[in-house]
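Q: Each chain, written out:
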Amino acid sequence: MNGDKFRKIAALALLGALPAASALAQPVGDAARGRELVEQNCIACHGVDGNGPVPSFPKVAGLHYEYTIKQLHEFQGKRRPSEIMQPIAAVLTEQQVQDVALYFASQRAVPVDTVDASLLPLGRKLYEDGNSDSGVPACAGCHGTEGRGNARFPRLAGQFQEYVVAQIQQFAEGKRTNDKRMMQVIANRLTAEEVQAVAHYIASMP
Amino acid sequence: MKRFLIVALTGAVLSGAALAQQGKAGDYVWNAPDPEKDRALAHKADPVAGKVAYEVCRGCHRADASGRADAIYPQLAGQHTTVLIKQLVDVRAGRRHNPKMEPFVSAEVLSAEDIGNIASYLALLPTPTNNGKGDGSKLALGERLYRENCVRCHGNYGEGSAQAFYPVVASQHYEYLFKELQMIRDGERRNSYPEMVQVIKGYGDDELRALSDYMSRLVLPANR
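Just so you know, the protein sequences line up as chains A and B, in that order. Letter by letter, the first sequence follows residues 1 to 206 in my numbering. Letter by letter, the second sequence follows residues 1 to 224 in my numbering.
Next comes chain B alone, as it looks inside the complex:
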């Protein structure tokens, strides 16, 4: 009970802080320390408990965590634990604005430990490669842009970096990648890595589509 109260209080304080920050996207400090995130990261994760806690996510992200090919629900299977924790906590705190998802990750529903457990379960799942892809018409452009600007953080295979909180982008749904890239470019995904916003600021939708198509076709070595 005490733990619940602390979580609830932390949640309330964080949402308050997030509200105060709204409209000042420029104030976002990338991956700043956060009591809930730090607790979830430090928690000795239990993937079996995570599988049970994941039930509240299954209705949208599916039982195998493959998400949906439409623009809304990303594939989560095989994503880095750190990335999942950061994003979940950011949605909950309002740093990543997602009103559809927010009620299902509220402090009432998930403790920081639940978040750590869910992330550890999802990270173990194999990433399906039958994800949604683009029309394949601009892959050369996508590859060139990726190699020039994205590879340094997201890696040769789209593997990202668990240590740096950079997501796996390989085999992610094309429509989802495109929508998120647009939101990052346009400042609507407020918890973005600032350097990335600068890198893609000048890109048109065609370039973002080409990049998304290319990334959706990358396959992690472990899934080959």
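With the rest of the complex left out, here is chain A:
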């Protein structure tokens, strides 16, 4: 083994041992207070556990703390337009934003059982491999192989297919733009069939 190789191996071992930078940030917030707020403000559309009753509204169970905070801030600042969410988010204090985010992060998302099984093979291929002909990256790259997401990228696993399709359409049409342009580009590279397939696959993920 030469010195170069040893240096690389030592550095890689160090990389593996250190937690991701985002994991070092300690969430501040109170999940119990968050649950009270959810029962007053969020329950009708998102359910008490963040697995909403209807597919028009997203599941928010298991979204990462930092991600939910970012979205609530962007509803507040109208960087993410939503006639429904904007006024609800607008009245939350910063402490309440953190409490709600912490509570939803502690909940478990339940997968959808109404997916079209015939779409899953194509959906899985796109999710795991993308489409190199059209320049669609694998969803797994940012959202994780298991669809769990992280602080920067939302959890997708178990999300309603109807909601995923609607968001992809909003990105494609430039109506949702809080994505640093990445999802807007990807949405425009997906065919209608691919959008359906990947949305159903995502919904089926545990």
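Note that these hints are calculated values from the structure, not bench results. Using N, Cα and C, we set each Cβ at its ideal position, and we do this for glycine too. Possibly wrong hints are sitting among the right ones.
[To be verified] Subject to a maximum C-alpha distance of 25 Å in a straight line, what follows is the list of computed BS3-like cross-link-like pairs (lysine-lysine):
no., chain 1, residue 1, chain 2, residue 2
1, B, Lys179, B, Lys201
2, A, Lys180, B, Lys179
3, B, Lys138, A, Lys125
4, A, Lys175, A, Lys70
5, B, Lys100, A, Lys175
6, B, Lys100, B, Lys138
7, A, Lys78, A, Lys180
8, A, Lys125, B, Lys201
9, B, Lys179, B, Lys138
10, B, Lys201, B, Lys138
[As the list claims (entries may be wrong)] If you want the ones that stay clear, here's a sample from chain A, every Cβ over 12 Å from chain B, calculated:
no., residue
11, Gly29
12, Ser56
13, Pro87
14, Ser106
15, Pro121
16, Gly158
17, Tyr163
18, Ile186
Following the hints, put chain B in place on chain A, whose structure we already have.
A: Coordinates of chain B only, in the frame set by chain A:
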């Protein structure tokens, strides 16, 4: 915020400059100073932060940075930091035309420091040797051409030169090497080393395929 604005502004100015240069490939000055490139190179790189920032690249170049054997996504693992920084900044500035990749390296997505961090992370990864290779039918020709014309810059083992911004070509995917050689020869990869364009200008596709196959089979000493 201020930093972001500066990066965004620099990006806008650079893309403007690049647009003005389009169609005048002959005007490219090899590896000219560039504020973003220089910042990324001077940045005290943090490979742990680079691993996190690399998430936006993983969807195409894969988690282990091995790329894909088709012609599109190169292997990045073990590439020189300098080369990765130059290429990323060149794609972003439009000096290396790559519309599929450009949105994912825009100033909105990556700061110059992110670029430095990503490059330092990738340079540490071992280069996989199960990369895509050619059919092996013209390796003698490939070896002869490589030894005559390429070895001086890209090295005996395809190790390139970090100092000179010459890439590692060892264990790179065959189809990718062939496509890039064609683009360099035909003036479509506008940020190419001018001397290299001259060297391979007369080569036919068969010769480029032979060279690509030979290079795809080179293995860095550290990976043996």
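Q: Taking the hints in turn, state whether each one holds.
A: Each hint tested on the structure:
no., hint, in the structure
1, Lys179(B) / Lys201(B), "holds, 14 Å"
2, Lys180(A) / Lys179(B), "violated, 30 Å"
3, Lys138(B) / Lys125(A), "violated, 35 Å"
4, Lys175(A) / Lys70(A), "holds, 18 Å"
5, Lys100(B) / Lys175(A), "holds, 22 Å"
6, Lys100(B) / Lys138(B), "violated, 32 Å"
7, Lys78(A) / Lys180(A), "holds, 15 Å"
8, Lys125(A) / Lys201(B), "violated, 39 Å"
9, Lys179(B) / Lys138(B), "holds, 17 Å"
10, Lys201(B) / Lys138(B), "holds, 20 Å"
11, Gly29, "holds, 22 Å"
12, Ser56, "holds, 28 Å"
13, Pro87, "holds, 27 Å"
14, Ser106, "holds, 23 Å"
15, Pro121, "holds, 19 Å"
16, Gly158, "holds, 20 Å"
17, Tyr163, "holds, 21 Å"
18, Ile186, "violated, 9 Å"
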